[in-house]
Amino acid sequence: MAASFSFDVVSEFDRQELVNALDQATREIQSRYDLKDTKTTLELSEDTITVSTDSQFTLEAVHNLLNMKAAKRNLSLKIFEYGKVESSSGNRVRQEITLRKGISQEIAKQISKLIRDEFNKVQPSIQGDSVRVSAKAKDDLQAVMQRLKQEELPVALQFTNYR
42 MAASFSFDVV
52 SEFDRQELVN
62 ALDQATREIQ
72 SRYDLKDTKT
82 TLELSEDTIT
92 VSTDSQFTLE
102 AVHNLLNMKA
112 AKRNLSLKIF
122 EYGKVESSSG
132 NRVRQEITLR
142 KGISQEIAKQ
152 ISKLIRDEFN
162 KVQPSIQGDS
172 VRVSAKAKDD
182 LQAVMQRLKQ
192 EELPVALQFT
202 NYR
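Heads up, the sequence shown is in my numbering, so the first residue is 42 and it goes up one at a time.
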C-alpha cells in the first residue's frame, strides 16, 4: 500500500502579532504630530477593529499606518475588510474593520476546481473553512502549493499539517 501525503489550505492570522501591530500603531498615533490631537482610538474585539477619529483625512492616515505596522509583522493585508465610514457624535467618524479568517465556501470551491483542473494526481476536499489536499507524491503537493501562491485570491492562504 502506497503512503498518501496531504496538507491543509487555510486562511488564518497570528492574533498576537495583530495585537502587537495595533499597539505599535496606537503608540505612533499618540506621538505623531499630525495625529496627536485627533483623539483617535483603535479598539480590537473578537473579530473586528473599530477606528474612531476626527475626519476622513486622519482615517486614511490611520489606515496607512495600520497597513504598514501589519506588513512589518508579516500579517497579510488581505485579513482587513474595511467597512463603510459612519459619522458619529460631533464631526467624528467611525469605521469597523472586519478581520477575515477562514476560507468561504465559494473560494474553497474555486481552489478545489483549480486543483482538479490542473493536477490530475491530486485530490482536494473541502473541510469546513479549509481545503485538504492529498496525493501519493510530495512533489505533486509542492507543485500545488506553488500554483496556489501564484493565484490572486481575496484571502491570505497558509499551508498547514504538511505530512
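No wet-lab data here; the hints were simulated from the structure. Wrong hints could be hidden among the right ones.
[Unchecked claim] With a cut-off of at most 30 angstroms between alpha-carbon atoms, the simulated DSSO-like pairs for lysine-lysine come out as follows:
no. : residue 1 : residue 2
1   : Lys154    : Lys80
2   : Lys125    : Lys177
3   : Lys150    : Lys125
4   : Lys150    : Lys190
5   : Lys179    : Lys190
6   : Lys162    : Lys113
7   : Lys177    : Lys190
8   : Lys113    : Lys154
9   : Lys162    : Lys190
10  : Lys162    : Lys179
11  : Lys177    : Lys162
12  : Lys177    : Lys150
[Said to hold, decoys possible] Computed beta-carbon distance windows for the label pairs:
no. : residue 1 : residue 2 : range
13  : Phe200    : Asn161    : 49 to 55 angstroms
14  : Ser128    : Arg73     : 21 to 27 angstroms
15  : Glu147    : Lys125    : 19 to 25 angstroms
Cβ coordinates follow ideal geometry from the N, Cα and C atoms, glycine included.
These are the hints, each one checked on the structure:
1. Using a Cα cut-off of 30 angstroms, the hinted pair lysine 154 and lysine 80 is violated, with the two alpha carbons roughly 48 angstroms apart.
2. Our distance criterion of 30 angstroms between C-alpha atoms is broken by lysine 125 and lysine 177, whose separation comes to about 47 angstroms.
3. For the hint linking lysine 150 to lysine 125, the alpha-carbon distance of about 28 angstroms falls within 30 angstroms, and the restraint holds.
4. A distance of roughly 17 angstroms separates the Cα atoms of lysine 150 and lysine 190; the hinted pair therefore holds under the 30 angstroms criterion.
5. At roughly 17 angstroms between alpha-carbon atoms, lysine 179 and lysine 190 fall within 30 angstroms of each other, so this suggested pair holds.
6. Distance restraint check for lysine 162 and lysine 113: the Cα-Cα separation of roughly 38 angstroms exceeds the 30 angstroms cut-off, and the hinted pair is therefore not satisfied.
7. For a cut-off of 30 angstroms, the pair hint linking lysine 177 to lysine 190 stands: about 21 angstroms separates their Cα positions.
8. In summary, the hint linking lysine 113 to lysine 154 is not supported, as the alpha carbons are separated by about 33 angstroms, beyond the 30 angstroms threshold.
9. With a CA separation close to 19 angstroms, the supplied pair lysine 162 and lysine 190 stays within the 30 angstroms bound.
10. With a C-alpha separation of about 11 angstroms, the suggested pair lysine 162 and lysine 179 falls inside the 30 angstroms cut-off, and the hint holds.
11. Under the criterion of a C-alpha separation no larger than 30 angstroms, the hint pairing lysine 177 with lysine 162 is consistent with the structure, at around 8 angstroms.
12. Only pairs whose Cα atoms come within 30 angstroms are accepted, and lysine 177 paired with lysine 150 is accepted, the gap being roughly 22 angstroms.
13. At roughly 20 angstroms, the beta-carbon separation of phenylalanine 200 and asparagine 161 lies outside the given 49 to 55 angstroms, and the hint is violated.
14. A beta carbon spacing of about 23 angstroms between serine 128 and arginine 73 agrees with the range 21 to 27 angstroms that was offered as a hint.
15. Range check, glutamate 147 to lysine 125: about 22 angstroms between beta-carbon atoms, so the 19 to 25 angstroms window is met.
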